[in-house]
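Can you build the whole structure from these sequences, using the hints too?
One-letter residues, chain by chain:
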Amino acid sequence: MNVFDIIGPVMIGPSSSHTAGAVRLGRVANKLINGRGLTRVEITLSGSFARTYRGHGTDRALLAGIMGYHSYSPEIRDALEIAQARGIDYAFLKRDIKGAHPNTALIHYWTEDGDEGTVQGASIGGGNILVSRINGMDVRLSGENNTIIVMHRDKPGVIAAVTQVMHWQYADLNISSFYLSRESRGGNSIMTMEVDSLPPEDLMAKIREIDHVTNAILVRRL
Amino acid sequence: MLRYESVSELVAAARDRGVRISDVVLEDQAAVMEKTPLELFEKMEIDLQVMRSAIADGEREGQRSMSGLTGGEGFRMNRYVAEKDGGLCGPFLGRAMAHALAVAGCNASMGRIVAAPTAGSCGILPGCLISLLEEGRIQEREAVMAMFTAGGFGMVIAGRASIAGAQGGCQAECGSAAAMAAAALVELMGGTPDQCADACAIAIASQMGLVCDPVAGLVEIPCIKRNVSGLMIAFSSADLALAGVEARIPADECLDAMREVGDALPASLKETAGGGLAATPTGRRLQEQVFGGEK
Chain L
29 MNVFDIIGPV MIGPSSSHTA GAVRLGRVAN KLINGRGLTR VEITLSGSFA
79 RTYRGHGTDR ALLAGIMGYH SYSPEIRDAL EIAQARGIDY AFLKRDIKGA
129 HPNTALIHYW TEDGDEGTVQ GASIGGGNIL VSRINGMDVR LSGENNTIIV
179 MHRDKPGVIA AVTQVMHWQY ADLNISSFYL SRESRGGNSI MTMEVDSLPP
229 EDLMAKIREI DHVTNAILVR RL
Chain H
2 MLRYESVSEL VAAARDRGVR ISDVVLEDQA AVMEKTPLEL FEKMEIDLQV
52 MRSAIADGER EGQRSMSGLT GGEGFRMNRY VAEKDGGLCG PFLGRAMAHA
102 LAVAGCNASM GRIVAAPTAG SCGILPGCLI SLLEEGRIQE REAVMAMFTA
152 GGFGMVIAGR ASIAGAQGGC QAECGSAAAM AAAALVELMG GTPDQCADAC
202 AIAIASQMGL VCDPVAGLVE IPCIKRNVSG LMIAFSSADL ALAGVEARIP
252 ADECLDAMRE VGDALPASLK ETAGGGLAAT PTGRRLQEQV FGGEK
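Residue numbers (this note's numbering), protein chains in the order written: chain L, 29 to 250; chain H, 2 to 296.
It is worth saying that the hints were derived from the structure and are not from the lab.
The reader is advised that the hints may include incorrect statements.
[What the hints assert, rightly or not] Here are the simulated BS3-like pairs of lysine-lysine, each with C-alpha atoms no more than 30 angstroms apart in a straight line:
1) K234(L) to K36(H)
2) K59(L) to K44(H)
3) K183(L) to K234(L)
4) K59(L) to K234(L)
5) K59(L) to K36(H)
[Claimed, not checked] Using C-beta positions, here's what the derived DEER-type ranges look like:
6) E135(H) to M29(L): 28 to 36 angstroms
7) I47(H) to G115(L): 29 to 37 angstroms
8) K85(H) to G115(L): 50 to 58 angstroms
9) R138(H) to G164(L): 53 to 61 angstroms
Please read all numbers here as calculations on a predicted model, not as lab measurements.
Note that the Cβ used here is the ideal one computed from N, Cα and C, for glycine as well.
Right under this line is the structure:
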């Protein structure tokens, strides 16, 4: 925690958990989408999100985040209209996700290139988030630290190759936590790595070039 | 490096070096964030500008919240202060109240604000600072520095008690904001670090036990008006401390008590809209009006 966590963040109201946190959840999906065009977004709202999303603008906030806006962007207010103008077909579903935190959203997106993906996370107060699943696999993304997420095939040597690129390119980059999850042996896997400093964006491009890596994203400390 | 585990640590660090708490916090945070003090100062300056524009936005005549339940409070208060020669509390406090209402209203209408420490309590610190600036009683750079004092106290409160309504009730949101603002006001008026701690303690004590009971779960009723009561408590606590009326319970012990009280509050009084004003017949009716049968 630093002084700008207390005096700040600058945000669009009304609620740090139901608005600013919701934008941040959306932004995780935006990172995965990585600039590709969107055709459809389906957002499942669970718990308190399902009951009070309209008054807090949670629906607008999630969509704004998915489209790449920040928690301080005035466009949040008009996010539904902006999505329509961009030709994104969106829907909000209300369904309680069993065992999930009261402020949970499950984002399902489809891109123009025929890809799709999901992000499930909770807004846990003060604008802080906890992303628990990406594409159905367990992750641990809190946004408290800069975090690198690498999606890859479960093959021997991939972790070594990724960390080697990180180390040789940026010797100062220190990993403070590492979490690995996979669908099945040899199948899709996800690494979640929290790092102490902020790595440059082009590191992600270099990681994406590694064999068996399908995507790499950087989620900055929120 | 500071640990921000106690108010007494902040006070001692400033007193030992004969500087303000804001100086200690700015220097420490620059070191922690690996930036220069000037970079941090400039970042805080932007926050002050956002607070100013939030006041302007919230004092517009037609300002309405997203739900339609609230709106126009800042405008009406300003008009009253202008027409009635300041009203009961005088023009200075009257305008400060209008500013607090305006920022909280701006928040409710999906405008841009600075959480200080939260969105629900975002009107208190700007109401205090901007009204002093407008009167020419402080300089811009002093106001920015005072925000570091407020932030330093806020960090201690967040760690030692809570700044989340869902965890500690409204005492943790508007209570914390008032305590932070009170400490900042004391420093701005030339008080000692010990007096800053006294003001913090008095403000916390004044709002001990305040529950978080928002109607329909929205950050509007009673949140917008509680920004005004928080602002008034910030001013009165600062004045008491500056007058030499000491807090009889030290700030750190007040914060420990606030945490204990927050833990003892039932869930229905911690941002769940299950009790308090939210559960009154009118509160329920307004909830129905906004969400229909959804809830």
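Taking the numbered hints from earlier one at a time, note which ones the structure violates and give those numbers from smallest to largest.
none
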